[in-house]
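Taken in sequence, the protein lines are chains A and B. Under full-length UniProt numbering, the residue at position 27 of the first sequence is numbered 27, and the numbers go up by one with no gaps. Under full-length UniProt numbering, the residue at position 18 of the second sequence is numbered 18, and the numbers go up by one with no gaps.
All clues given are correct.
Heads up, the list lumps identical chains together, so a pair's fine if it works in one copy or across two of them.
Using 25 Å as the maximum straight-line C-alpha spacing, the simulated SDA-like pairs for lysine to any residue come out as follows: (1) Lys-96 - Ala-114; (2) Lys-295 - Gly-337; (3) Lys-246 - Arg-191; (4) Lys-246 - Gln-273; (5) Lys-96 - Arg-76; (6) Lys-295 - Arg-336.
Rather than coming from a laboratory, the hints here were simulated on the basis of the structure.
2 protein chains.
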Amino acid sequence: MSRPQAQRRVTIRDVAAAAGVSTAAVSLALNNRAGVSEATRARILATAEKMGWTPNTAAQSLSIHETHTVGLVLARPAHLLGREPFYMEFIAGLEKTLSAQHYSLLLRLVDDVAEEIEVHRQWWQGRRVDGALLVDLQVDDPRIEALSQIGLSAVAVGHPSLAGPFPAVWTDDAQAVTEAVRYLAALGHRRIARVGGPTALGHSAIRAAAFTATAEELGLPDATTVAADFSGDDGSRATRSLLAAKVRPTAIIYDNDIMAVAGLAVAAEMGVQVPQQLSLLAWDDSQLCELVRPKLSAMSHDVFAFGELAGQRLFEVIRSGATASAPAAAPVLVPRGSTAPPGPER
Amino acid sequence: MSRPQAQRRVTIRDVAAAAGVSTAAVSLALNNRAGVSEATRARILATAEKMGWTPNTAAQSLSIHETHTVGLVLARPAHLLGREPFYMEFIAGLEKTLSAQHYSLLLRLVDDVAEEIEVHRQWWQGRRVDGALLVDLQVDDPRIEALSQIGLSAVAVGHPSLAGPFPAVWTDDAQAVTEAVRYLAALGHRRIARVGGPTALGHSAIRAAAFTATAEELGLPDATTVAADFSGDDGSRATRSLLAAKVRPTAIIYDNDIMAVAGLAVAAEMGVQVPQQLSLLAWDDSQLCELVRPKLSAMSHDVFAFGELAGQRLFEVIRSGATASAPAAAPVLVPRGSTAPPGPER
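Kindly produce the complete structure, drawing on both the sequences and the hints.
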């Protein structure tokens with residue numbers, strides 16, 4: 001990131017970069033606290049003096065303008081956080097960006113969006129965070145107006161149409177769904193079903209609309225979507241329901257990987273052969289898809305890189321007030337062993 | 001948790017509990033900020049007055065003695081955080097305890113233990129956290145002395161023998177390993193191998209010692225341990241190495257679930273039938289073990305509950321200075337489809 005040097009005050013981050021040490025080390029040295037060697041302390045003090053750093057600007061920088069922390073509030077049950085690979089991978093990627101800048105993540109689980117707004121307000125007005133990420137964007141999300149009113153520095157993780165004035169980082173889900181349906185149709189599938197995420201989530205709504213539109217365009221009947229909560233249990237339930245129907249789909253698209261893995265186990269349990277009698281296509285493509293047999297075909301989305309990118313955009317917002325949205329790489333179809341042309345009609 | 005009412009100052013948490021609102025709402029009301037209705041504000045102020053709350057103690061409580069935040073520093077690569085179910089389940093369970101008390105988690109990834117010590121020192125001395133959890137305890141862990149010297153309120157997640165003066169929360173890994181080896185030996189296995197975690201980790205060392213001791217006690221030859229890094233890739237590598245050996249084990253115990261799932265895929269790839277030719281036993285038992293075929297037998301350890309317990313113990317340390325260690329429930333053997341008596345010698 002290129003930053004104009006002349007117009008901004010010297011921060012401990014600049015001193016740290018010039019001296020080749022962590023900001024924590026600079027802070028210890030400048031505050032005359034234990035934790036760095038005398039040699040390092042002397043080198044840091046010399047560097048700070050040479051760069052024109054003064055205690056006042058440093059104090060401001062450290063204690064007021066920069067908390068070296070960004071916030072993430074998740075309005076979802078705790079047990080889902082541990083079970084869904086998406087957020088684990090996203091947080092891990094985000095942490096990679098943050099830790100490179102010696103930033104911490106302030107993480108909070110809440111019951112609902114109203115509580116989430118209250119937490120962001122406390123953190124922001126209490127100067128606990130330099131900025132925040134907004135995730136799980138809903139249609140007409142109440143966070144957008146409430147948090148833009150308080151001037152929160154934030155990046156919205158979701159489609160720009162859901163993000164209001166906040167810069168958005170998103171993947172083009174509509175295009176990816178269209179590609180997935182066209183691929184299965186090109187293999188010869190006519191009865192394609194989808195196990196989607198909760199309908200209130202903005203990206204679930206976008207995917208559902210693209211799924212229906214593409215199925216109509218291709219003249220596919222019975223393009224059913226079953227809503228589920230992203231958990232393995234719910235993916236099993238949805239798959240059993242689809243496979244027990246009078247007219248069974250020959251292909252199922254899942255909105256995440258854990259539901260697809262659960263679907264594969266249900267197919268085995270019901271004696272439905274994958275891919276001979278049923279094609280399965282996962283989303284997100286964590287390591288899980290390659291650890292099962294057959295390996296799952298997936299709309300591969302590098303969630304770790306997505307988390308990294310979201311962190312990078314947030315730094316740009318915090319440091320330069322950037323407002324432009326930026327798409328992440330679109331999911332890419334990775335065919336493996338779970339998709340094939342449909343078998344003969346039973 | 002029963003707490004003596006008479007001897008301690010009234011905090012906003014007490015007011016919140018009495019008024020039936022969140023501490024955030026109390027804070028907004030007492031600081032006369034937007035975010036709560038006038039009716040709620042009036043009720044909160046009346047409750048606070050009745051309980052003898054005064055602005056001074058509240059200000060202290062809010063800004064100095066209680067940050068409503070606990071810290072967790074992980075010295076491991078970001079990509080592993082996203083791939084290993086253990087930490088996300090642990091953090092999810094911890095978040096369940098924290099969110100019930102309207103606490104946040106301050107999370108930081110660092111490169112090594114030295115940086116971890118520096119971060120804890122900054123957080124603690126900068127009053128950023130009320131307390132912290134120490135995880136991934138090593139043999140002769142340098143964090144123990146450094147952080148006990150600064151008086152950090154913390155709970156060590158690991159065996160008391162590794163925790164120094166910090167209260168510990170741990171699972172009895174030695175007993176669980178012993179049970180696992182005895183179970184496989186009772187099935188008739190004589191060549192049992194183990195894919196363990198990194199040797200520097202305290203609990204890996206404890207498990208390795210118990211594995212070796214039990215194998216000796218039972219007179220089992222070739223009780224090999226291969227160290228791996230908990231990732232699926234490393235679990236695959238270790239399994240290939242064991243199955244390519246001149247004398248192949250008939251049973252393998254894995255130190256987590258993701259490595260066991262990877263081991264199952266490697267067995268399929270090498271044409272080794274599970275459980276007819278090879279028994280596999282996983283550790284931790286997340287949903288993964290039940291999503292593969294055959295389902296994996298496991299030493300089942302409720303990691304989510306372990307995270308909840310660690311959070312509860314930390315609150316006791318923060319609020320009453322408790323120092324006693326407490327074991328979590330020991331892992332329980334859950335036999336599924338991946339363990340059986342060994343087949344005839346090839």
